[in-house]
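K.L.:
In case it helps, mature numbering (1 follows the signal peptide of the UniProt record, and there is no 0) puts the sequence shown at residues -23 to -1, 1 to 124.
Derived from the structure by calculation, the hints contain no laboratory data.
Cβ coordinates follow ideal geometry from the N, Cα and C atoms, glycine included.
Worth double-checking, as some hints may not be accurate.
As the list claims (entries may be wrong) - Computed list of lysine-lysine pairs in BS3-like fashion (alpha-carbon distance at most 27 Å, straight line):
#1 Lys85 <-> Lys68
#2 Lys53 <-> Lys99
#3 Lys95 <-> Lys53
#4 Lys53 <-> Lys68
#5 Lys95 <-> Lys68
#6 Lys85 <-> Lys95
#7 Lys99 <-> Lys68
As the list claims (entries may be wrong) - Distance ranges between label pairs, derived from CB positions:
#8 Leu38 <-> Ile88: 26 to 36 Å
#9 Leu41 <-> Asp19: 39 to 49 Å
#10 Leu24 <-> Ile88: 15 to 25 Å
#11 Asp39 <-> Gly14: 43 to 53 Å
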Amino acid sequence: MLARFSNLLLAFGLISINVLCLATPTDLTTKSSDLAGLSIGDIINALGIGLVENIEVTITLDSLVTDLVSTQFTAKNPLPLELSLESVSSKATFNGTTFSEFSHTFTKPVIIPILGEKESGKIDNVLLTQGATASLDIIPRVFLSTI
């Protein structure tokens, strides 16, 4: 039995994905005098543009015992420059309860093309902090497809 949750944003209400982005070849966290001392990352956050378009979580039967799931997301690049994701941090909450929290460093940076999008690839061993059984309670709040 394998369940896939598409659009986890709806399931958990508030998802905070903080992504360390590096422009090629310029570091997004570097301040620029041309940008009034703001980094490109600061501008993305201030505009509320967001880089995450879709999140999927896969729960297997083993997840009910281990409380570990896998996840992947689609990142979009609204900027006219290439982005490189080196790491991602996520905290998924619903009604004030945290259901998942993790940090992941990619072995190879995920390159998002100019004005394009890119899949993160599968991120394994994401812990469900409330346990898989308690997390099942939020399934009716999302689109669920069973494979």
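K.L.:
So, against the hints stated earlier in the document, which numbers end up violated here?
P.N.:
Those not satisfied: there are none.
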